[in-house]
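Please put together the full structure from these sequences, using the hints given.
Residue numbers (our numbering), protein chains in the order written: chain A, 13 to 221; chain B, 13 to 221.
Don't take each hint at face value.
[Said to hold, decoys possible] Which bits of chain B does chain A cover? Going by a derived footprint, with three or more residues having C-beta under 8 angstroms, they are:
#, region
1, 96 to 109
2, 137 to 149
3, 153 to 159
4, 162 to 171
5, 174 to 184
6, 188 to 196
7, 201 to 209
[To be verified] Here are a few chain A residues that sit away from chain B, every Cβ distance over 12 angstroms (derived from the structure):
#, residue
8, R14
9, E17
10, E35
11, G36
12, A40
13, N47
14, Q48
15, A74
16, R81
17, F84
18, D114
19, E115
Quick caveat, the hints were computed from the structure, so don't treat them as lab data. Beta carbons are placed, not taken as given, at the ideal position from N, Cα and C, and that holds for glycine.
Protein chains: 2
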Amino acid sequence: MRIAELSRRTGVPIPTIKYYLREGLVPAGERTGPNQAQYGEAHVKRLKLARALVEIGGLSIASAREALRLMFSAGLSELDTIGKAQYAMTPAREYVEDEAWDEAVAEVDELIAKRGWQVKATNPARRTLADALATLRRLDQDDYFELLDSYAETAERLADTEIETVARRGDLDSVAEAVVVWTAVGDTVLASLRRLAQEDRSTRLLGNP
Amino acid sequence: MRIAELSRRTGVPIPTIKYYLREGLVPAGERTGPNQAQYGEAHVKRLKLARALVEIGGLSIASAREALRLMFSAGLSELDTIGKAQYAMTPAREYVEDEAWDEAVAEVDELIAKRGWQVKATNPARRTLADALATLRRLDQDDYFELLDSYAETAERLADTEIETVARRGDLDSVAEAVVVWTAVGDTVLASLRRLAQEDRSTRLLGNP
DNA sequence: GGATAGTGGAAAGTATTGCTATCCATATTA
DNA sequence: TAATATGGATAGCAATACTTTCCACTATCC
Chain A
13 MRIAELSRRT
23 GVPIPTIKYY
33 LREGLVPAGE
43 RTGPNQAQYG
53 EAHVKRLKLA
63 RALVEIGGLS
73 IASAREALRL
83 MFSAGLSELD
93 TIGKAQYAMT
103 PAREYVEDEA
113 WDEAVAEVDE
123 LIAKRGWQVK
133 ATNPARRTLA
143 DALATLRRLD
153 QDDYFELLDS
163 YAETAERLAD
173 TEIETVARRG
183 DLDSVAEAVV
193 VWTAVGDTVL
203 ASLRRLAQED
213 RSTRLLGNP
Chain B
13 MRIAELSRRT
23 GVPIPTIKYY
33 LREGLVPAGE
43 RTGPNQAQYG
53 EAHVKRLKLA
63 RALVEIGGLS
73 IASAREALRL
83 MFSAGLSELD
93 TIGKAQYAMT
103 PAREYVEDEA
113 WDEAVAEVDE
123 LIAKRGWQVK
133 ATNPARRTLA
143 DALATLRRLD
153 QDDYFELLDS
163 YAETAERLAD
173 TEIETVARRG
183 DLDSVAEAVV
193 VWTAVGDTVL
203 ASLRRLAQED
213 RSTRLLGNP
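Written as structure tokens, this is what we have:
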């Protein structure tokens, strides 16, 4: 198929497809002439996937490229690759390293140790979490921390279910795709459900006194 | 205090504070002369809060302003106000209304009914969730849906704990602040913890065979 | 009391991001 | 053979979140 059909099949405008090709989110088609190329089902799939990461997952173009590259290049024989792809999905930030930050970092380390989680020191989620906790400290929302355990418990249970489902997949490419989609879109699903449950709970507790 | 101290106390650069004042994220100081104004502790708090929403919560300036305005203007006597502030924190998107979308919307309605959640039809999280689910359908990640229940269960349990903690607060302003912080920063905390738990679980399952 | 630095506010400028639009030589299709 | 489409390069554009510059004025230090 050529670019018009690729666009029709995915709903992505042609100029955007060209942009994604330029940016390396989608591999080039097979050239058949000076201004002709063929795209296949793999391109359709890859394009949908890229769009999902950007639109639903909120990844930047650069992060999406990196995540996709890592998942679908190295053959995924090593666990490292999965980890690195996940790392690529956590956007880098700058951190204010004050007292609140030091305490938050210690708190994250403590939590990980307490849970017995095997997590590399380089996992960027450590810093993101520390940053969020430091912010809560600076806002004097310290009672928030009572909830941290229940959040961690929740995350653990989710991860168990998720890993189990992913592991059921047959081929490696399928696992790779699931991991990428999962990580990015799962955040949004979870956040939405939390909003809905919150509305329900606050309506029950405060709405009908 | 004047703007320099406000900047020192919060770590926010002066030009950014001026920008936030212009954009209405922070109320104006008390004027004492043609080019002088006084700021107080309330301004410090509000500025930190605004920063947290923007930096950690990832809200746009416009969303942050709307959320803050709703929480701290109307007196919060009505439950509606809390709901509206939460709604303001869910960014609007455009939706592709195809077959996958229709099915996803039905699925969301079904889930809410099944759970017995009391959620207004106008809650934007409904659409965000439907959008995410529709994306999963379009990516043929249908087995994802087996997990939806466990996600919902999780969200419900979280909301229970959260609501309970917020309700313990004394004054209304404190509740308002907690709700805003909670909603925005909680997403990040949860997402980070999920990443960490995922690394642990995949290491255990696949890493040491 | 005079130099120096800081202030609030307005307006214009800037860096980044994620697309769109235009062009063009060549291909395909009606 | 005429209209339309293609791939690719380049330039343009709108939105966002600041930064910079300017100004008349104020506060503060020597």
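Hints, verified against the model:
1. 96 to 109: Coverage by chain A holds for the region 96 to 109 of chain B (4 residues, Cβ < 8 angstroms).
2. 137 to 149: It holds: at least three residues are needed, and the region 137 to 149 of chain B offers 9 whose Cβ sits within less than 8 angstroms of chain A.
3. 153 to 159: Since three or more residues must qualify, the claim that chain A covers the region 153 to 159 of chain B holds, with 5 doing so at under 8 angstroms.
4. 162 to 171: holds (count 9)
5. 174 to 184: With 5 residues in contact (Cβ-Cβ under 8 angstroms with chain A), the coverage given for the region 174 to 184 of chain B holds.
6. 188 to 196: Contact hint for the region 188 to 196 of chain B vs chain A: holds, 5 residues under 8 angstroms.
7. 201 to 209: holds (count 9)
8. R14: 21 angstroms, holds
9. E17: Check passes; 16 angstroms lies beyond 12 angstroms.
10. E35: Its Cβ never comes within 12 angstroms of chain B, the nearest being 20 angstroms, so this holds.
11. G36: 20 angstroms, holds
12. A40: Its Cβ never comes within 12 angstroms of chain B, the nearest being 22 angstroms, so this holds.
13. N47: Consistent with the label, N47(A) stays out of reach of chain B, its closest Cβ about 30 angstroms off (over 12 angstroms).
14. Q48: Answer for Q48(A): holds, closest chain B Cβ roughly 28 angstroms.
15. A74: About 17 angstroms separates A74(A) from the closest Cβ of chain B, which puts it past 12 angstroms; holds.
16. R81: At roughly 18 angstroms from the nearest Cβ of chain B, R81(A) sits farther out than 12 angstroms, so the non-interface label holds.
17. F84: Check passes; 14 angstroms lies beyond 12 angstroms.
18. D114: 15 angstroms, holds
19. E115: 15 angstroms, holds
Checked against the numbered hints given earlier, the structure satisfies every one of them.
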